[in-house]
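Enquirer: Here's the letter readout for the chains.
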Amino acid sequence: MITVKRLSKSFGDHEVLKNISIQVERQEVVCIIGPSGSGKSTLLRCLNLMETPTSGDVWVEGENLLDPRTDINKFRRKMGMVFQQFNLFPHMTALENITLAPTKLNRKSKTESGILARELLKKVGLTDKADAYPRSLSGGQQQRVAIARALAMEPHVMLFDEPTSALDPEMVGEVLQVMRQLAKEGMTMIIVTHEMGFAREVADRVIFMDNGMVVEEGKPGEMFVSPQNERTKLFLSKVL
Amino acid sequence: MEFWGVMSDALPTLLKGLSYTVLIALASLVLATIIGLFAGLMRISGNVILRSVAAAYINLIRGTPLLIQILFIYFGLPTVFHVNFSPLAAGIFAVSINIGAYLAEVFRAGIESIDRGQMEAGRSLGFSYAVAMRLIILPQAVRRMTPAFINQFIIGIKDTSMLSVIGVAELTMEGQSIYAMNFKSFEILTLVGLMYFIINYALTVASRWVEKKVAVS
Ligand SMILES: Nc1ncnc2c1ncn2[C@@H]1O[C@H](COP(=O)(O)OP(=O)(O)OP(=O)(O)O)[C@@H](O)[C@H]1O
Ligand SMILES: [Mg+2]
Chain A
1 MITVKRLSKS
11 FGDHEVLKNI
21 SIQVERQEVV
31 CIIGPSGSGK
41 STLLRCLNLM
51 ETPTSGDVWV
61 EGENLLDPRT
71 DINKFRRKMG
81 MVFQQFNLFP
91 HMTALENITL
101 APTKLNRKSK
111 TESGILAREL
121 LKKVGLTDKA
131 DAYPRSLSGG
141 QQQRVAIARA
151 LAMEPHVMLF
161 DEPTSALDPE
171 MVGEVLQVMR
181 QLAKEGMTMI
191 IVTHEMGFAR
201 EVADRVIFMD
211 NGMVVEEGKP
221 GEMFVSPQNE
231 RTKLFLSKVL
Chain B
1 MEFWGVMSDA
11 LPTLLKGLSY
21 TVLIALASLV
31 LATIIGLFAG
41 LMRISGNVIL
51 RSVAAAYINL
61 IRGTPLLIQI
71 LFIYFGLPTV
81 FHVNFSPLAA
91 GIFAVSINIG
101 AYLAEVFRAG
111 IESIDRGQME
121 AGRSLGFSYA
131 VAMRLIILPQ
141 AVRRMTPAFI
151 NQFIIGIKDT
161 SMLSVIGVAE
171 LTMEGQSIYA
181 MNFKSFEILT
191 LVGLMYFIIN
201 YALTVASRWV
211 EKKVAVS
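Here the protein sequences come in this chain order: A and B.
In terms of UniProt numbering, the first sequence opens at residue 1 and continues consecutively.
In terms of UniProt numbering, the second sequence opens at residue 1 and continues consecutively.
Please note that the accuracy of each hint is not assured.
Stated by the list, open to error - If you want the footprint, here are the derived chain A segments under chain B, 3+ residues with CB under 8 Å:
| hint | stretch |
| --- | --- |
| 1 | 22–30 |
| 2 | 87–99 |
| 3 | 136–144 |
What the hints assert, rightly or not - Some but not every residue of chain B turned toward chain A, in silico, with C-beta under 8 Å:
| hint | residue |
| --- | --- |
| 4 | L31 |
| 5 | A121 |
| 6 | F127 |
| 7 | A130 |
| 8 | I136 |
Hints are computed from structural coordinates only; laboratory data are not their basis.
Just so we're clear, the structure is a prediction, and the values are computed from it rather than from any experiment.
Ideal Cβ placement from N, Cα and C applies to all residues, glycine included.
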């Protein structure tokens, strides 16, 4: 479903991603792990062109995103993204946050997208928070609204960039629970995370990145139990 | 007793001048907001040419006195371009362009004060830059800008008094024409000043109130 070929990305002289090739199948859940600064976020952001790769190709559902003829705004509607800092729109209620994109981009009526939004709020366990503004919600609740907002465009794939890293420990569980549920329903997901327990439990495949390169990838059972590469071993010995 | 007589004789004319002043100020503010929005957006655009044009405009206006700008538009431009403005049109034009440059900086600062993540979230949902700006960034920026905006409006109202030099019949001009006839410059200028003060003070109070509301939310 997603194919990345020989992708490189530099910020000025600093080469952050070096010749990366990965593949993600439909309904697959892939977790990307690795030390801070290894390029995980940058790779994720290259997948929906929030960053423009310096070279290489990104194919999504058979289309080349870097082809100038590709309408990237249309493409992003199929790719939901969830951020570490939630990035909810503070001047809108939870419901308005969720309905904004469907009404303005999919031309759904207010009623239609309102119904959809309430279903999504129910799914993330926030039925009673439809009219709440982000500032009155806890971090965990905000992140769940952010997930609902991304789901409202009915994306084919969801990208998560450390969705629980900005949360107080007691709120991590509720967000992971929502993601676990999504995975069960067959959503294709690419998740940058430091939650090794979650990766081990939910991922179909784990990708370990270090210093801008994919060092090792494999099934979580194999990777967490018997990593092959020295750098993977070192990293896992520190975080597990 | 004579003081009050002078005042009440002058009042109808001064109120007419005042209504002109308010009209010019409102028209200029609307135009200046449009100019300021576009110049502010150009100022932060990725395009070097747009950015430079906006920067040149802003610096030019901020670096020259309004009085010169008014004289230039009313007396200077017609000699070269053979366009003739009425004093009123030239006045509104000059004040709009002037306030527009200051509002451009207000818009720029307002937009830049919004967290980058807001634009990213909008773009990630599939909104274009322009639509995300309109639906997500500007509504937040405008709230924060309101006090600075009202402040510029107050400056604009006071600045319209300079239009008397090109014969626009606004408040200051009407005041001058009255004391030119009755020589009661003390009384008339007191009244004129008071009228500016009342309007601007009301706006200052409004601005403080808005500032408080914004701080709470
Ligand atoms: N916009 C940018 N401009 C310049 N350098 C950047 C930019 N974004 C990221 N970098 C650099 O690229 C490198 C990789 O960053 P990235 O955010 O992808 O790492 P990461 O693996 O997500 O780290 P973390 O776990 O801390 O989130 C870092 O050295 C970072 O400083
Ligand atoms: Mg990161």
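Enquirer: Which of the listed hints are not met by the structure?
Expert: 1, 3, 4 and 7
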